[in-house]
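Q: Okay, here's what each chain looks like letter by letter:
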Amino acid sequence: MARFVLTNITKFVLLMLGVSLVTFVLVSISPVDPVQANVGQAAYASMGEEKRAQLAAYWGADTPLFERYFNWLGAALSGDLGMSLRYNAPVAQVIAERALNSLALMAVAWVVSGALGFLLGIFAGAYRGTVFDRVVKGYCYLLASTPVFWLGLLLLIVFSVQLGWFPLGLSVPIGVASSNVTFVDALHHLALPALTLSVTGVANIALHTREKTIDVMSSPYVRFARSRGLSTLRILREHGLRNLIMPAITLQFASIAEIFGGSVLVEEVFSYPGLGQAAVTAGLGGDAALLAGIAIFSAMLVFGGNLIANILYGVVDPRIAKREVTSDEL
Amino acid sequence: MTMARSKCEPHGNAQPGVKPTTESTQSMQDPQALHDQPRSRHGHAHAEPHGHAQHLHGEFHHHHSHAHTSKHPGFHHLLTVEGLNVAFRMYDPQAPFFRAKQREVEVIHDLSISVHEGEIVAIVGASGSGKTLLADSIMGLFEPNARVSGVIHFNGERVGADALRQLRGNGISLVPQSVRYLDPLMKIGRQVEGVGRSDRDQAASRLAKREQLFAHYGLGPEVADQYPFELSGGMARRVLLCCALMDEPKLIIADEPTPGLDLELAIKAMDDFRAFADEGGGVLLITHDIELALRVADRVAVFKDGTVVEETDVASFASPDSLNDPFSRELWYALRFEDMPQTQAPVEDRTEGATTAPAASLPSREEG
Amino acid sequence: MSFDERALKPSVAPASVSVTERAADLLHLPRRKRLSNRKLTLGSFLVAALLLAAIVVIGRMVLPEATATDFTMKNLAPSLAHPFGTDWMGRDMFLRTLSGLSTSILVGLFAAGASSIIALVLGAFAALGGKRADAVVTWLIDLMMGIPHIVLLILISYACGKGFWGVTIGVALTHWANLARVVRAEVLQCKESTFVAVARKLGVSRLRIATRHMLPYVLPQFLVGLILLFPHAILHEAAITFLGFGLSPEQPAIGIILSESMRYLSSGMWWLAVCPGVALILMVLLFDLAGSSLRKLVDPQSAQE
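Read top to bottom, the protein sequences are chains A, B and C.
Taking our numbering, the leading residue of the first sequence gets 1, the next gets one more, and so forth.
Taking our numbering, the leading residue of the second sequence gets 1001, the next gets one more, and so forth.
Taking our numbering, the leading residue of the third sequence gets 2001, the next gets one more, and so forth.
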């Protein structure tokens, strides 16, 4: 167990170093000069001398790249990710505010797409070759070829423009102070983006679970269960769920990167004020500090997902769990 | 033998419409029968009063044999399989790639075998030659792309695909080969208990039954809380047997139940099956191991090229003269490390066109 | 004794079923399956490839017409003359879409080509370069997978100053990881195969082994992986352009068309979004068809399907 923790901490540190370096180098070599690009901006104009100096130290071309990187890294480790020029606030604060919206959106999509995809996948796999299976498979292949932002546009046309059921954008009604936003309002604005993200997320998990189900259904132990008189449904309940749920949850945790990527596009389509929208704004507006901050936050999220997937795998599979225990005892 | 035969009545007569005789006129060595039997035997199977299968074969004078333990209570067999064919659709592997047509490949053709109460019948053939398909067919487990036909009787009843499905775990039980046939994520106890065919109110009685079986087969109570990967080979074998016995079967199909055991251990392991048979059950032992088959079985069916070429009493293996099929005789010589006498040329392998002389390639025992 | 060694092959009986079979004896029939035919598979691959080539050529050819504005014909709903309708500048949406798709394929061609070369080099390096090389490549893949694609694309595009090359380099740099894994696995498998071992024993040079034995072995899977990269590349190009990081508004691109359409959604001009999107999906499906039919032909595992 101690070894498991240690390996993962090392992995995390190495990966974060890599991610931060790549991110920093990428935003730094950009021909979009942040100082120049932001000269006309209110944030830059209202900045104190000290802040400007700090900005120059971060992004200024005078300082060598690696020195700038270590300056930035040192500050980042103490929690200071710099100032967002676009939002005129510390990057950490912008991320914290926006992350809540994004996490709500992603959590809903994560759960809905996971549950739906899992069920569709299991039944498609267990009843392979039937009409149901073919419909599920067709749906999944079609969705895998559908750009998520286009699907968002489609839902927007149907539900917001034509039917008028949902608002056209933003996570809260315009002109209402955030303290007055009711939970229902929030849900109302969350519904369409979450639906878009859920519908696309189904494809991956359903196809994967379908394959796994086919594997399980042709496994020796299912053959044996059949020979003992169990029906397909009973086999799914007795052996299917047990053997299929973990791969599905693992995959779902491991696909956080895709859900995050999807949320960037969906947030843009629905003007949903989350991290994704902020990342796009930062990228278009030359807000290097915010862009780097969001990139690192997303990488941490992805790493967290993968880590949970790994841990869950060990906890549930008795072969791994028992071996862990015995190796600890030794 | 006499006793067995008298119980075996009424043996089907070859000619339709002719009532079964009260005393079997067909004995193992009756040369007359050889000429009497028409090639097709299926025409009669349905007309029989007890759905009793015919003991007829065009090539062997007696379609199946009897050992002294074979019993025919109620004048019928426990299991008869007649004219079983299993074919698959696949691309012709020999044709050029783009011109290859899909065709049906018969893996089992015209196979017949029977099991009496109280006996172990061994079906012996090379691994991967389709013996497991036979087990699957008897349990009504069919591959989606398979075409399966044949006449199967169980306990005197003609059984179709639906009835075979009903018999799984409810008359016929499988003892599989290895621990791979257990769900790796389910505890042994629960797995052996199973859920039974009907309902959960049985749970308590199944638990009691499982504990009783574990006690009988020397499996400690702690085994119930273990997972399959923790079982030793010998434990796994007993656990798998317990799974089958939970459902109180009349017929056990044992598919290579002693993989990797050396002969003496394998024979000892077969004691449990012997005990089951002695209490009136029937065992169909599927194996690639002819030595094991000859030591533990009452009768042996030699499986080759997708069919049973000879089904005979183990005693017939005492001498090559009592074996009818050339391949069985080859086996006889192979077992004694002797060459076939020159007068009996080795048969040509139909598929390969190569001569198949077992003696020349007598392999060592290996894991199934 | 066992007679496994002679592993009797199933006798290939004539297609007609044994004479002893009677209808009443049937226990199970094969499920009716739409026959997958190898010639048909080859045909669908060729048709998909031809259609895609046609999109590129025609899309380039109609570029002048696609950008021609005609304010007397603006905001028209789809009709026979304008199957996809016209936009606020009176441009024909069908032609715009067509040239947008051809741009997409070209970006995809550059990006997928470059990406697959990266994958080939890194995959082979990981498989042949020893433990350390393997660890480095694995770490690179982890790093690649560690940041969401879209975020990485935004970063790279930002670093390159947006535009055609920004998105092409971005897509090329972000899509090699999966294919690199495939290549690595294939090369490893090949390395352990007997014929390579024999060749090595015989003193055949490493380069010769790589080009004569490994390349032909890895190539089919590699080509399939390359073609299946296209859909991802094209969808990501459209997405990043849609967000405003990719192609510039003057260039014909699906992402531009769709992001422009957002401004007109509330005025009910649905065709600006729906038609180009459907066309994009159809094109992606064509690539999928090409890739999967090629896989069926080269993959021994599905050869019996």
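Worth flagging that the hints you see were computed from the coordinates, not collected in a lab.
A virtual CB, placed ideally from N, CA and C, is assigned to each residue, including glycine.
Incorrect hints may appear among the rest.
Unchecked claim - Facing chain B, according to a computed beta carbon distance under 8 Å, are these residues of chain C, among others: (1) Leu2026; (2) His2028; (3) Leu2029; (4) Ala2210; (5) Glu2260; (6) Met2262.
Q: Can you name, in rising order, the numbers of the hints this structure does not satisfy?
A: Violated hints (numbers, rising): 4, 5 and 6; every other hint is consistent with the structure.
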